[in-house]
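Participant: Residues per chain, in single letters:
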Amino acid sequence: MEIDPFIFRLSIFILSIFVGYYVVWSVTPSLHTPLMSVTNAISSVIIVGAIIASLAGTNLSVFNQSSIFGFLAIVLAAINIFGGFLVTQRMLAMYKKKKKDKK
Amino acid sequence: MISANLLAIFYLISGILFILALRGLSSPETSRQGNLFGIIGMAIAITVTFLSIDNFSSGFLYVLLFLLIGGSIGAFIAFKIPMTAMPELVAGFHSLVGLAAVFVAISAFISPEVFNLGSAGNIKLASLIEMSIGAAVGAITFSGSIIAFLKLRGLMSGSPITFPGQHILNLLILISIIILTYFLCLNQSPSFFWSLIAISFLVGFLLIIPIGGADMPVVISMLNSYSGWAAAGIGFTLENTALIITGALVGSSGAILSYIMCKGMNRSFFNVILGGFGGTDQTSSKTSKEQKPVKSGNADDAAFLMKNASSVIIVPGYGMAVAQAQHALREMVDSLKKNGVKVSYAIHPVAGRMPGHMNVLLAEANVPYDEVFELEEINNDFANCDVAYVIGANDVTNPVAKTDPQSPIYGMPVLDVEKSKSVLFVKRSLSPGYAGIDNDLFYRDNTLMLFADAKKMTEDIIKNL
Chain L
632 MEIDPFIFRL SIFILSIFVG YYVVWSVTPS LHTPLMSVTN AISSVIIVGA
682 IIASLAGTNL SVFNQSSIFG FLAIVLAAIN IFGGFLVTQR MLAMYKKKKK
732 DKK
Chain H
7 MISANLLAIF YLISGILFIL ALRGLSSPET SRQGNLFGII GMAIAITVTF
57 LSIDNFSSGF LYVLLFLLIG GSIGAFIAFK IPMTAMPELV AGFHSLVGLA
107 AVFVAISAFI SPEVFNLGSA GNIKLASLIE MSIGAAVGAI TFSGSIIAFL
157 KLRGLMSGSP ITFPGQHILN LLILISIIIL TYFLCLNQSP SFFWSLIAIS
207 FLVGFLLIIP IGGADMPVVI SMLNSYSGWA AAGIGFTLEN TALIITGALV
257 GSSGAILSYI MCKGMNRSFF NVILGGFGGT DQTSSKTSKE QKPVKSGNAD
307 DAAFLMKNAS SVIIVPGYGM AVAQAQHALR EMVDSLKKNG VKVSYAIHPV
357 AGRMPGHMNV LLAEANVPYD EVFELEEINN DFANCDVAYV IGANDVTNPV
407 AKTDPQSPIY GMPVLDVEKS KSVLFVKRSL SPGYAGIDND LFYRDNTLML
457 FADAKKMTED IIKNL
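Protein sequences appear in the order of chains L and H. In terms of my numbering, the first sequence opens at residue 632 and continues consecutively. In terms of my numbering, the second sequence opens at residue 7 and continues consecutively.
Chain H with its partners taken away, still in its complex shape (with noise of 0.2 Å):
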């Protein structure tokens, strides 16, 4: 049994452990040695919370079961998912602290004396908001990443569902929400505290299901967020320091990333909270459009090109992910390389369905991180190179958002791909991209459409090099 002043000293220290983690990502060299310090914060926190615990029943033991179940699975899945599936299985791990934290509110209400916030219909006031908040958020959380989840697997349909007054009905609910606090703090009755959980549950539901698949890095980075405050919340409940810097880090963290990913579309927080975007409905008025001519090749003009030239920079997008082109990409890249070609990677912010997305499967590919460019590093470079090889990547290298004020990505940051002397387009189709706006740059002169599989063409150029 340790005392409470210096457990709390210990828990100020996994916490500074945990701002050093989040230090470390400022550059790959010291990123492990970070990731090393959340561990160590993490096995601190948890060791003296066993130490402060003066009568060892045999519930311990059953802690300590409990503890390696969960963590045998997290260790499966953590070596079995492929790098592919990131967002999907960061939305889903985002779901389970915010059902840790639904659970632990629980808890804490219905045994309050254990937490030493009272007793049972007699919480401290400030308690029962700070738990009821944690519940709030930490319900939200999961329920808007089981969205996410789903969304992300495909398991349901990407594009976003829309109907009349759900705006209206989201406004409502939110009310309620504070209504219903208000009277739990009132009367302290169970039942308001559970509506208010079913009730948030609904509301993460409801948040998530307008939000169309490509919108998806703001989601995650704002459930990310959400998870923190959540965490924040029981820690205040729970007068735990650990917990309340943990979720104050990974709040702003959350909200730090949500930022850029609007910057990189161009659009506020709230009209991708809003939703609707990249309906159909954008789609089927640029049918009309006339023919315009496309000129398309194959992999040998595709080989040829590059070959010859003595730079190229590759824009991967969410396709390379979708067709898992990542390790042809960079067996092509060797080859042209052994060719003496000079060779690029250009990163948008928003490729990709999370922040960073395809930086981790270039880095998976092995792809060194210092050939990887981001967006401001690298756009000046397009006018002096012979080739842009655009691979999956569709909305964000349209001219389109520098020139049509009409147009729905005009003010949208783009890569300056039109401006490299020849840009090789790798696609399925003409279709257009999730935006449903016509990309200009099928259209011009130096555009070569290659239409296949992204990993397929790549295969195949990499057999005419």
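This is chain L alone, in the form it adopts within the complex (with noise of 0.2 Å):
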């Protein structure tokens, strides 16, 4: 008897879960919207899956039916990961700490 592969992969998915559940509760309730705009930015990984599919064509026809949708997924992923760091990025650099008082 064998182990289907899905298995596994679903094995991850629950633990990751898990890690998700307690990591998230750990964020200072502070920093929720950065949370937010960087769980955005990391989710467009989903980037991997355009880029295979948009390589569907061939050396004769780049775009064929299916590339292109890839292509336009690349396109959104790329704004989302490149939004979503640099402006968590840019929020995150506005939180200081009280400066000491020069009285």
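There may be inaccurate statements among the hints.
[Unchecked claim] Taking CB as the label site, the calculated pair distances span: (1) H:L57 with L:S642: 20 to 30 Å; (2) H:I185 with L:R721: 22 to 32 Å; (3) L:A724 with H:E119: 40 to 50 Å.
Hints are computed from structural coordinates only; laboratory data are not their basis. If you're wondering where the values come from, they're calculated on a predicted model, not measured in any experiment. No residue lacks a Cβ here, since even glycine has one placed at the ideal position from N, Cα and C.
Can you join these two chains into the complex? Each is in its own frame, and there are hints to help.
Facilitator: Next comes the structure, spelled out in structure tokens:
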């Protein structure tokens, strides 16, 4: 009897949900907005699927029915990756600690 | 060309880096490093995907080109966007993740051989189910986020849109999605696949239109969660660990945020999702109320009160974001501090239109984050505070939530603003807040109403300090 590889992926998935659960509870509420923008950016790792999809064409025709959807997905995911990480960076740079008051 | 095993290990590494990126957000000091981990993780995932491709056709150049186009658009948006527009930006980004998931699923359905999923018309059953889930959830995320975006941007009315039979319609559509998926698996006909996607777009739309503006924190978090599940669905289809891990992380992150937001409003998740809360019908019944005395004051009174206080707590809300008053507010606090007044900020979990909205705006105005406190941390301090300055918040300060079991917001955690010696309440008029409930605070003896625009009033106070 062999275990279906699907079960391994399911295990990774379920364990990751638990990891996510504990990690996200430890996020301080004041950083909830950056949390949303960074999760946005990382979920765009879907771009790896888009890259594979976009290379469905051949040397003769780069664009076919299926690769066009791949290219479109690349643009969308790239907007998200760059936009998401950069806007998070911009927000996080604003969080500053109190300066020691000089009196 | 790197081996499939090595590829999988690299994807695992990016997954771990993404976990560290979220872990970094546990404190502002580690957060910047965390974001860097996230960027490295993404770079690894993209690079190894390139390396895994064995035939470098001319298509590769187009991949780079489109990556660059998307990247420049994203970077441009990230630098240009004002901080007050964060909620709609995040909603917009969610819609893109959703749509990207739909596109990848479509591509996998048309050319399954590219992804080793079988051949067109003869796709492996498990893969077909996974890609249907990915596509359906992606489509719901897309159209739902578009509606959320329009509502937040003010391009669409923020008031809930309801019609009779709405819930039954949604239920029927949901059932039809399941039936469509079943038939799709049975004969793999493309027409079922396309109808599945079309109907899912409709669901996203119908799901969000009945939800009102102030419930947006829940909606955004929920769509955040959906975008994660869509990514995970695609991850299963493509057998990609990085996507599965990330999808699970994002999915649970959004779910937790929705939970926190619902708790902040003392409402169940379903109550929010079924929508219709805060409609105009509730306000009309309140008009018969007898006129109660209200004390109102001007900037001079407010400045006098605060200057002579020893401690002041600021309670910001969505109105502060609308009026862009955060910078003026910080200037006011600076001059108060020069007078030796101790100032802190109290933030309710659902203040604003997205989780953490107020914190970002205050950070933008250079307010140090260690002066900003959450509800539980600061609520006891109101009793010892001289002045509470409520700027743009309303329902989250309403003492009725603690006293009147008849009130729709009864049981909702509120800031105990009324316990401070005096309350300065900046508001344009006496109109009730989003929930359509009269705020008891307006009529308290220790409340001084300041009828003006939040920014203008704050600036006037600075002049009088």
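Participant: Now tell me, hint by hint, if it's right for this structure.
Facilitator: Hints versus structure:
1. Taking 20 to 30 Å as the suggested C-beta distance range, the pair L57 (chain H) and S642 (chain L) conforms, at roughly 27 Å.
2. Separated by about 46 Å at the C-beta atoms, I185 (chain H) and R721 (chain L) break the suggested range of 22 to 32 Å.
3. Checking the proposed 40 to 50 Å range against A724 (chain L) and E119 (chain H) shows it holds: the Cβ atoms sit about 46 Å from each other.
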